Amino acid sequence: MNAYRDQYAQVFKNGRNVVLIAISADVDTALASWARDADYPVLFASDTGSAVGKAYGAFNERYKLDNRNLFVVGSDGKIAYRQTPFREIDPTAYTELGAAIGKLVPADTTGSH
Amino acid sequence: MLATLLLAVTMQAGAAEPQALAVGAVAPDFALPGATRYGTLKNPVRLSDYKGKTVVLAFFFKARTRG
Numbered sequence: 338m339n340a341y342r343d344q345y346a347q348v349f350k351n352g353r354n355v356v357l358i359a360i361s362a363d364v365d366t367a368l369a370s371w372a373r374d375a376d377y378p379v380l381f382a383s384d385t386g387s388a389v390g391k392a393y394g395a396f397n398e399r400y401k402l403d404n405r406n407l408f409v410v411g412s413d414g415k416i417a418y419r420q421t422p423f424r425e426i427d428p429t430a431y432t433e434l435g436a437a438i439g440k441l442v443p444a445d446t447t448g449s450h
Numbered sequence: 030m031l032a033t034l035l036l037a038v039t040m041q042a043g044a045a046e047p048q049a050l051a052v053g054a055v056a057p058d059f060a061l062p063g064a065t066r067y068g069t070l071k072n073p074v075r076l077s078d079y080k081g082k083t084v085v086l087a088f089f090f091k092a093r094t095r096g
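Residue numbers (the numbering used here), protein chains in the order written: chain A, 338 to 450; chain B, 30 to 96.
Pulled out of the complex, with its shape left as it was, chain B reads as follows (with noise of 0.2 Å):
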C-alpha cells in the first residue's frame, strides 16, 4: 500500500518535471523573433544559421528577473 502511494507521488512530481533533451541528442532548429541590447531584430534568429559554430542555448525565466 505505502510502496504504491510512493510511486504514484513519484510518479506526480515526475510528470511535472520536463525531460531535457540529452547530450547526443540532434538540437531542433527555431526560428524566434530576436532582441539585441541596439533593438529588435528584423530577422528571425535561427539556429541552422550558426550551424559549425558552437551555440550556447541558454533558457531562462523572465526578462528582468534573476532567473
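So that you can see chain A by itself, here it is in the shape it has in the complex (with noise of 0.2 Å):
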C-alpha cells in the first residue's frame, strides 16, 4: 500500500477523475486505523464477509483472504485491465497500471471533477 500512496499523484492522477479503492476482509476500523497512521490517501471498503473478493475472483479460499489482484473498471463499468496477480514489488507494474489508466482518462480531462 505504501508504493499506492507514494505513486498516488503521478499513477493515480492525485484522485482527478480516478478513484482508488483498496479492498480487504479488515473491518473498517482497522482499515481506518491503518490509513491515518500511514496517511494513505486511497478509499478503503471493508469486505468482511470475502463477497465482494470472491465476485471478482480474488478470494484465495485456503488462506480465507482476499489475493493481491487489481482491477481497473472504466466508466462504462466494464474492466479494462487487471493484473492478477498484482506484482506490487515490481516497478514496472506501476508503469503498465499508470499507462492502463492513462488510455482510460485522457491527460486533458484530468484537470476537472
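Just so you know, the hints here were simulated from the structure itself, not pulled from any lab data. As the structure is a computational prediction, the values presented were derived from the model and not from experiment. Check the hints yourself; a few may be wrong.
[Unchecked claim] Using 30 Å as the maximum straight-line C-alpha spacing, the simulated BS3-like pairs for lysine-lysine come out as follows:
(1) K391/A - K82/B
(2) K440/A - K80/B
(3) K440/A - K401/A
(4) K91/B - K415/A
(5) K401/A - K415/A
(6) K415/A - K82/B
(7) K391/A - K415/A
(8) K415/A - K350/A
(9) K82/B - K440/A
(10) K401/A - K91/B
(11) K91/B - K391/A
(12) K350/A - K80/B
(13) K401/A - K71/B
(14) K71/B - K391/A
(15) K391/A - K401/A
(16) K350/A - K440/A
(17) K415/A - K440/A
(18) K391/A - K440/A
(19) K80/B - K415/A
(20) K91/B - K80/B
(21) K350/A - K82/B
(22) K71/B - K440/A
(23) K80/B - K391/A
(24) K350/A - K71/B
(25) K71/B - K415/A
(26) K91/B - K71/B
(27) K71/B - K82/B
Relying on the hints, combine the two individually framed chains into one complex.
Set out below in C-alpha cells:
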C-alpha cells in the first residue's frame, strides 16, 4: 500500500477522475486506523464476508483472504485492465497500471472533477 | 497412469486458484463499509456511485502487511 501512496500523484492522477478503492477482509475501523497511521490517501472498503472478493475471483479459499488482485473498471462499468496477481514489488507493474489508466483518463480531462 | 496422475494434480492445483474476472466483464457492483485516513465512513462504498469515472479496485491480503 505504501507504493500506492507514494505514486498516487503519478499513477492515480491524485484522484482526479480516478478512484482507488483498496479492498480487504479487515473491519473498517482497522482500515481507518492503518490509513491514518500511514497517511494513505485512498478509499478503503471492508469486505469482511469476502463476498466481493469472491465475486471478482480474488478470494483465496486456502487462506480465507483476498489475493493481491487489481482491476481497473472503465467509465462503462466494465473491466478494462487487470493484474492478477498484482506485482506489488515490481516497478513495471505501476508503469503498466499508469499506462492503462492513462488510456481511460486522457490528460486533458484530469483537471476537472 | 502418469498422465492421469499429472492431470489430477493439475486439477487440484487449479481448484485452489480462483478465476479472476476477465477484461471486458461487467464489474459487479458492491456496497461495503468504507474508511479513509480520516475515519470510517457513514455511508457504504458503492462501485455504482462512481459510474462514469475510472475506478481501480485493489484487493489485498490484510491491513498492516505488505500484501
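Between the alpha carbons of K415/A and K440/A, is the straight-line distance 30 Å or under? Cα-Cα ~14 Å, so holds.
Given hint K415/A paired with K80/B - CA-CA distance at most 30 Å: Roughly 10 Å between the alpha carbons, so the hint for K80/B and K415/A holds.
With the threshold set at 30 Å, check whether the alpha-carbon distance from K401/A to K91/B stays at or below it. holds (11 Å)
Is K71/B close enough to K391/A, meaning Cα to Cα at most 30 Å? holds (25 Å)
Please verify whether K71/B and K415/A have alpha carbons no more than 30 Å apart. Roughly 27 Å between the alpha carbons, so the hint for K71/B and K415/A holds.
Assess, step by step, whether the Cα of K71/B is no farther than 30 Å from the Cα of K82/B, and give holds or violated. holds (22 Å)
K350/A and K82/B were given as a pair; does the straight-line alpha-carbon distance stay at or below 30 Å? Judged against 30 Å, a Cα distance of about 13 Å means the pair holds.
Hint consistency between K91/B and K415/A [alpha-carbon to alpha-carbon, up to 30 Å]: With a Cα-Cα distance of about 26 Å, the restraint between K91/B and K415/A holds, given a limit of 30 Å.
For the pair supplied as a hint, K91/B and K80/B, confirm whether the alpha-carbon distance does not exceed 30 Å. holds (27 Å)
With a cut-off of 30 Å on the C-alpha distance, tell me whether K350/A and K440/A pass. This hinted pair holds, its Cα atoms lying about 13 Å apart.
Is K391/A close enough to K440/A, meaning Cα to Cα at most 30 Å? Satisfied, since the Cα-Cα distance of roughly 28 Å is no more than 30 Å.
Checking one constraint from the list: CA of K415/A to CA of K82/B, max 30 Å. Satisfied? With a Cα-Cα distance of about 11 Å, the restraint between K415/A and K82/B holds, given a limit of 30 Å.
Violation of the numbered hints given earlier is confined to hints 3 and 22; the remaining hints are satisfied by the structure.
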